[in-house]
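Position in the sequence shown (from 1) plus 110 gives the number in the working numbering.
Computed cross-link-like contacts, DSSO-like style, restricted to lysine-lysine with a CA-CA straight-line distance of at most 30 Å:
| id | residue 1 | residue 2 |
| --- | --- | --- |
| 1 | K115 | K262 |
| 2 | K313 | K283 |
| 3 | K310 | K294 |
Using C-beta positions, here's what the derived DEER-type ranges look like:
| id | residue 1 | residue 2 | range |
| --- | --- | --- | --- |
| 4 | T288 | N347 | 17 to 23 Å |
| 5 | F146 | L264 | 18 to 24 Å |
| 6 | E343 | N114 | 16 to 22 Å |
| 7 | N114 | I362 | 24 to 30 Å |
| 8 | F146 | D340 | 35 to 41 Å |
| 9 | N334 | Q358 | 26 to 32 Å |
| 10 | E198 | L147 | 20 to 26 Å |
| 11 | W260 | Q358 | 30 to 36 Å |
| 12 | T124 | D231 | 37 to 43 Å |
| 13 | E344 | T288 | 20 to 26 Å |
| 14 | K205 | K310 | 45 to 51 Å |
| 15 | N281 | R193 | 39 to 45 Å |
Rather than coming from a laboratory, the hints here were simulated on the basis of the structure.
We put the beta carbon where it would ideally sit given N, CA and C, even for glycine.
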Amino acid sequence: MSSNKIELRTVNVTRYVTPLREGGSMPAIVEADDGFLYVIKFRGAGQGTNALIADLIGGELARAIGMQVPELVFMNLAEGFGRSEGDEEIQDLLKFSVGLNLGVHYLSGAITFDPAVTTLDPLTASKILWLDCLLTNIDRTHRNTNMLIWNKELWLIDPGASLYFHHNWSNWKAHIMTPFSLVKNHVLLKQATQLEEADKICKELLTKDLLETIVGLIPVEWLNEESLFDTKEEQRNAYTIFLSTRIQHSDIFIKEAQNARKELI
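Let's have the full structure, built from the sequences with the hints guiding it.
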């Protein structure tokens, strides 16, 4: 049994503040019964609960390797919430998102990370790139960095486009051993000059026990029925197998990243 202890708080949504329409899944800023503002990721959005699972796993793995990540919470959306919402699209989204959603603590006043303005130390850049290769995160590019500067510190957000194999489980095992070719588009590729050192550090931190603990946070109701698995626990375990095995063979995606850097510079 894992000795790692990670718990996510559960809060209740009390007020819908404003939509964030720049997000394809229409996240929103909401207030919870703890008095804080959160960016809520809705289970009823286009990618469904898979995006929430990727956000949860990616966020907690980033925190585990020493990155700053806003607090993640489970957000309960009560039935009937938002009936008075005038926008029909938002009203439908709220209706289909009753139950547990994912919330990210809102960093008020944060600005988008700009690689032309802010240079990261090579090890930090390498750790972030290493993690995105592990997770096959396609969404940390110059166009959309999904990194913020808040209180003069770097914060990672929104890895919901990671783990794209889980949108089609039929060939998930094949994805384990594949290089991450889209690393060529990564915003930190040029700065990530210490990938081998990052690999050593991340492997030491991301033990199988820790992976099981993080994957164990996924609410059962977020796991969709998949004919490939006899039970939802078997499906949950597949995430751990994917991550732990891919970490063991990290040289596959490290070489891909190093070759992409050579082409870049």
